[in-house]
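Asks: Could you build all of it, start to finish, from the sequences and the hints given here?
The listed protein sequences correspond, in order, to chains Y and C.
Position in the first sequence counted from 1, then plus 5, gives you our numbering.
Position in the second sequence counted from 1, then plus 129, gives you our numbering.
Hint data in this document are derived by calculation from the structure and do not stem from the laboratory.
In this text the structure is predicted, and so the values were computed from the model without any measurement.
Some clues are possibly wrong.
To be verified - In silico contact screen, one side only, chain Y against chain C (beta carbon under 7 angstroms); selected entries:
1. Leu26
2. Tyr103
3. His107
4. Lys143
Just so it is clear, CB atoms sit at the ideal spot from N, CA and C, and this is done for glycine as well.
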Amino acid sequence: MSFVDPTGKAIINGLQGGFPLTHRPFRDAGAELGLTEQELIEGVGELIEAGQLSRFGPLWNAELIGGGVCLAAIAVPPERFDEVTNLVNAHREVAHNYERCHELNMWFVVSAENAGRINEVIAEIEQETGLAVYAMPKAREFFVGFRVEV
Amino acid sequence: MLDAVDRKMIAATQAGLPLEREPYRALAEEIGMDEAGVIARLRRLLASGAIRRIGAVPNHYALGFTANGMSVWDVADEAVADIGARVGALDFVTHCYERPRHLPLWPYNLFAMVHGRTRDEVRAKVAEIAGLIGTELRAHDVLFSNRILKKTGLRIAA
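Replies: Take a look at the structure:
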C-alpha cells in the first residue's frame with residue numbers, strides 16, 4: 006500500500022463526508038482536523054495527485070440522477086468467456102463488469118437514463134450471446150456506514 | 130428528479146470541487162449562479178439523497194483495500210429488512226441491497242459488498258456478518274472479483 010502521511014490520514018479518516026457548506030469550507034473543515042486552510046487544500050491535492058483519493062467533492066447518487074441501474078449476471082461457459090466479455094462490454098449502457106468466482110461468473114451493471122432501456126439492453130445481450138441474463142434489480146437499499154480507515 | 134441546474138452542477142463537479150479557498154463561489158461562477166444559490170442547492174440535494182455526501186472519495190485500491198467480496202445471503206423474506214439494516218450499518222460494508230432470488234441457481238436475497246486489504250480479511254468480516262445474522266441464516270456465499278472486465282465512470286448529459 007502506498008504511504009499516507011499524517012496529514013493524508015487526517016484527511017482520509019476525517020473527511021469522507023460532512024465537508025462544510027460555507028464560504029470558506031477548507032478553513033472550517035481544517036479547523037476540525039487541526040490543519041490550516043492551505044494545508045488542507047494542498048493535502049487534498051496531493052492525495053488526488055497520488056491517486057489515493059479518486060476525487061474530492063459531492064458523491065452523487067447515480068440512481069436519483071435519473072434513469073435506472075440494474076445488476077445482472079450470466080453463467081458464461083469458460084471457453085466463451087472472452088467472446089461474451091466483448092459482446093457485453095460493447096454496450097455503452099454497461100458501466101461496470103466483473104469476473105467473479107461462481108457458476109454465475111460474469112456480473113455487470115446496466116445503467117441508462119431511460120429506465121425502460123435497461124430491459125432492452127438485457128434482451129439484446131441474451132440474443133447476442135444466446136445465454137440467460139439474470140437481472141437482479143435492487144428491491145430495497147439499506148443505509149451503509151462505510152468508511153475507509155487508514 | 131433533478132432539474133437542468135442540478136445537471137449543470139453534476140457536470141461541473143464530476144471531477145470534484147475546485148481546490149481553492151472559495152470552492153462554491155468558483156463553482157457558482159462556472160455555472161452562472163451566485164455562491165449562496167449553489168450552497169442552498171447542495172444542501173437540498175444532500176437532504177434529498179441525490180448527493181450521498183460531500184468530501185474525500187477514497188480510491189480503495191490505491192489505499193491497499195485490494196480485496197472485495199460480494200457476500201450474498203439467503204434469509205427469510207420477513208426478516209430481510211431488519212437484517213439488512215443491521216448488516217449495512219457495519220463499517221466495512223459499502224453497499225447493501227435486497228435483490229430477487231433466481232431459484233434454483235441463485236437462492237440469495239441479500240447482498241453486502243465487503244472491502245478489505247486481503248481476501249482473508251474479507252472472509253473474517255463475512256464470518257462476522259454470519260454471526261450477526263445468527264440462526265436466521267439459511268445459506269451464504271462470498272464471490273470475489275477475479276478481474277475487472279470494464280469500469281467506466283458515471284456519465285451524465287449536462
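Asks: It remains to establish, for every hint, whether it holds in the given structure.
Replies: Cross-check of the supplied hints:
About 5 angstroms separates the beta-carbon of leucine 26 of chain Y from the nearest beta-carbon of chain C, less than 7 angstroms, and the hint is met. Satisfaction of the interface hint for tyrosine 103 of chain Y is found here, the shortest Cβ-Cβ separation to chain C being roughly 4 angstroms, below the 7 angstroms cut-off. This hint holds: histidine 107 of chain Y has a C-beta 5 angstroms from the nearest C-beta of chain C, less than the 7 angstroms allowed. Residue-level restraint check for lysine 143 of chain Y holds (minimum Cβ-Cβ distance to chain C is 4 angstroms; threshold 7 angstroms).
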